[in-house]
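Going down the list, the protein sequences come from chains A and B. Heads up, my numbering is the position in the first sequence plus 129, with the first residue counted as 1. Heads up, my numbering is the position in the second sequence plus 2, with the first residue counted as 1.
A portion of the hints provided could be inaccurate.
Unchecked claim - Taking lysine-lysine and the DSS-like style, the derived pairs with C-alpha atoms no more than 27 Å apart in a straight line are:
#: 1; chain 1: A; residue 1: Lys647; chain 2: A; residue 2: Lys678
#: 2; chain 1: A; residue 1: Lys629; chain 2: A; residue 2: Lys665
#: 3; chain 1: A; residue 1: Lys419; chain 2: B; residue 2: Lys193
#: 4; chain 1: B; residue 1: Lys193; chain 2: A; residue 2: Lys473
#: 5; chain 1: A; residue 1: Lys549; chain 2: A; residue 2: Lys647
#: 6; chain 1: A; residue 1: Lys711; chain 2: A; residue 2: Lys742
#: 7; chain 1: A; residue 1: Lys615; chain 2: A; residue 2: Lys525
#: 8; chain 1: B; residue 1: Lys152; chain 2: A; residue 2: Lys477
#: 9; chain 1: A; residue 1: Lys270; chain 2: B; residue 2: Lys250
#: 10; chain 1: B; residue 1: Lys193; chain 2: A; residue 2: Lys427
#: 11; chain 1: A; residue 1: Lys711; chain 2: A; residue 2: Lys678
#: 12; chain 1: A; residue 1: Lys711; chain 2: A; residue 2: Lys677
#: 13; chain 1: A; residue 1: Lys270; chain 2: B; residue 2: Lys71
#: 14; chain 1: B; residue 1: Lys152; chain 2: A; residue 2: Lys157
#: 15; chain 1: A; residue 1: Lys559; chain 2: A; residue 2: Lys525
#: 16; chain 1: A; residue 1: Lys270; chain 2: A; residue 2: Lys157
#: 17; chain 1: A; residue 1: Lys473; chain 2: A; residue 2: Lys615
#: 18; chain 1: A; residue 1: Lys690; chain 2: A; residue 2: Lys677
#: 19; chain 1: A; residue 1: Lys651; chain 2: A; residue 2: Lys677
#: 20; chain 1: A; residue 1: Lys419; chain 2: A; residue 2: Lys473
By construction, these hints were calculated from the structure, which means they are not laboratory data.
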Amino acid sequence: MTREETIPQLLRRNYERWGENAVAMRHKDLGIWQEFTWSQCYAQVKRFALGLKALGFDQGDTVGIIGDNEPEWYWTELACQANRGTSVGIFVDSMPDEVKYIVAHSEARYVVTRDQEQTDKILAIRDEIPNVKKVIYWDPKGMWSYHDPFVMSFQEVQALGDTFEADHPGLFEESIESGRSSDLAIICYTSGTTGLPKGAMVTHLNLITTIKQWFEVEPWEPQEDYLSYVPLAWIAEQMFCVTAGLLSGATVNFPERPETVQSDIREIGPSMILYSSRMWESLSSMILTKIEDGSPIKRFLFNLFLPVGYRVSDMRMERKEPGAGWRMLDWLADLLVFSSLRDKIGLKRTKAPYTGGSLISPGTFRLFRAVGVDIRQIYGSSEAGLCCCHRVDDVKFESIGTPLPGMQVKVSPEGELLWKGDCVFQGYLKDTKKTAEALVDGWYHSGDAAHIDEDGHVIYLDRMADMMDLGSGLKYSPQHIEGSLKFSPYIRDTIAVGGKRLSYVVALVQIDFEFVGKWAEKRHIPYTTFADLSQKPQVLDLVEEELKKLNLTLPEGSRVKKFACLHKELDPDEEELTRTRKLRRDFVERKYEGLLTAIAEGKSTFEASSEFKYRDGGTGVTTTSVSIRQLF
Amino acid sequence: MDADRPLIEVKDLTLRFGGLTALTDLSMAVGRHEILAVIGPNGAGKTSLFNCMTGFYRPQTGSITFDGKEISQLPSHKIAAMGIARTFQNIALYSGLSTLDNILAARNVAMKTGVLAGGIFFGPARREEVEHRRTVEEIIDFLEIQAIRKHVVASLPYGMRKRVDLARALALEPRVLLLDEPMAGMNVEEKEDMARFIFDIYESRRIPIILVEHDMALVMDIADRIVVLDFGIKIAEGDPESIIQNPKVISAYLGLKETEFATSGADGRRESTR
């Protein structure tokens, strides 16, 4: 039995298993979906691999790849790995400095580009990357006038491969067979928010392990379609398009151009799709804009049925079976509105829509789930593969899912999310210091603060670096608390205060005057001003409920213990907010010093006097008795 | 084919509309491998010249020969079939049809099967249709308009319609391309894109391109040679360097001071765009 432990070995397995009988990939070219069977793919990879060999490619060499997702990208990577080399994906929109750094740092000997634009980028820096021997492009457009021996076309390299094959028969097959799971498959550069990008060294074993674990949750079938849209330079696409595609034998589809993806996706109707959260968000705003521009009937139906969708999807998320009436309404909503909406955005057949990258906003998440696109969060890293994901029947929008099977996941005493397994990388290229920080006894230190709730869901709080101290020695995430509370309709803004003198978190809440005002009117609760409304016991009860819900998602030591409702609104005119409504934390903490002291001293009310400016420049003072409540 | 002879020769061309003389005794030649710009103030006769070359206007006297054949009195569809394609200043497309259909429509010049065979759509007609579609798709790919393939032309932004117009002209598989203000009304980015496409066409198809354009900096950048018209008379001809120094040209461009004119074109020639 031949081995199937590297990515090229998986390609060989699929070639032997399906050959001409199954489509490995499709690429829309000249308006037609061009299909490549496993045999054709294998031949493309073989010819290019041997071409590289003819150019002098040695085991362990590195190839940089820069271009949009197209079959040649994939073949280049596989060819390089078949020669027991490593590929490095570079983002298409990288600036020349970044490209230079990555190409030089990874010591790439060849750079493969899609087109003239990317080739020019490399040519502009050629003097600074002496390690590069050749630039190879695959789209000849605009390259007619380049007569430079440094530059070659993909097809020319493949032709070299054909000649090389004649002299060295069987070399390619031997090279694939000799591959080891511990070989480096890719180096994945992560753009740190600070400092230079770090090159995560990822082996075949890492990639294959993470996808095997993933398939236990979400298996792909050979007859299914995946749409490759997020950049191949990103680890997620390496896992899905390359590894999962090969491991399952599913068909990978490459859109014609990045800008045609909306129509291409409708033609394919993929079963699996991965968008970054930003893409989901722009898709959601596109839907809402189109509905606004749509005919009055469509708008009316959408607005009529959307609440039904919200209601039913919320019930399902809370794992309550909706009653017959709701099911009936949901069926009608789907028939009249949602199914054609899903068709329009090309997700009608999609059983597994994933979101990755940064966290998706709950609003977008709920909208898609309401219209029947059951988005699921996946969470992982370039360094250590997939860590956790939502299960079909177990989704909480505040969580990033539950750990994948076979994975050891824990939260360190400092609150950092750690995991361990064969999916964890080998370290950063040429950076032992950063490697030692990220890998301790095989545990990958994600740098993300997280909390695991009683259902086993992992809740992402913040980057570790952004966590703030508490007097108890624990840390808390003000952004997580403030951000989560924004999604309550009753709460406009919150400041989560901790610091050295408090051993717990205090929330200063600004209610949403309009919404809470309407709520109070409906319940016949009389009020006069904002200050008055904010201190009504019923309103405090309301806010208390919201905070209790939030506390369930927080680690015990960093829950909100006490809160008060602010008696006035935060105002950019008073410098409490920036003009873009960002909280000026230090300023607000200083301003409410008195209130915070009263809270620290355990008082239950505080007489707040606030100065206000009249339009004519004069000032006045009002006094309000602010209640302080304790949650536990 | 005589490679040294110009592809198009215009001799003593005069065009009158009643008492108004649009072109007076105009003579010029277009080589087999050059980008030639025709410039001049408004009303100088640039578009009239194009219209004569493509059979839209009949000049009263003079001749236009294309590859040695007289064309000045031929109807425009015959000229198009000979290989002179043009784009229009104010875009001439079927606004209700899609991008794809507009470009395909231009291929009818090259269609051989008749109405009957086409109606049955079987055998040769079908094969021919497939071939044409392929040619059109290659142009779509070339001009990077895949994303608007199925969009109705009327719904497209102006810059895109210009590009579709160019695609339509290319679908005629021209031996010479006439571009009437290809960059008018475009923003800087669109202009740069268009300039790149003009070069790409020039390099990949190896056909001469004649363009009328007002953006001086761009003309200086991309043209090999410039012909300057004023009130229907050719006042200058030559390479961009000599044109910007020509006093006749400078005085023809009223409102454009000598220094302004010189600096607008002084930032280098084509090499600088590479």
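Results of checking the hints against the structure:
no. : hint                : result
1   : A:Lys647 x A:Lys678 : 22 Å, holds
2   : A:Lys629 x A:Lys665 : 31 Å, violated
3   : A:Lys419 x B:Lys193 : 30 Å, violated
4   : B:Lys193 x A:Lys473 : 33 Å, violated
5   : A:Lys549 x A:Lys647 : 51 Å, violated
6   : A:Lys711 x A:Lys742 : 22 Å, holds
7   : A:Lys615 x A:Lys525 : 17 Å, holds
8   : B:Lys152 x A:Lys477 : 21 Å, holds
9   : A:Lys270 x B:Lys250 : 41 Å, violated
10  : B:Lys193 x A:Lys427 : 39 Å, violated
11  : A:Lys711 x A:Lys678 : 24 Å, holds
12  : A:Lys711 x A:Lys677 : 25 Å, holds
13  : A:Lys270 x B:Lys71  : 34 Å, violated
14  : B:Lys152 x A:Lys157 : 15 Å, holds
15  : A:Lys559 x A:Lys525 : 39 Å, violated
16  : A:Lys270 x A:Lys157 : 17 Å, holds
17  : A:Lys473 x A:Lys615 : 31 Å, violated
18  : A:Lys690 x A:Lys677 : 9 Å, holds
19  : A:Lys651 x A:Lys677 : 24 Å, holds
20  : A:Lys419 x A:Lys473 : 11 Å, holds
Violated hints for the displayed structure, listed by number in ascending order: 2, 3, 4, 5, 9, 10, 13, 15 and 17.
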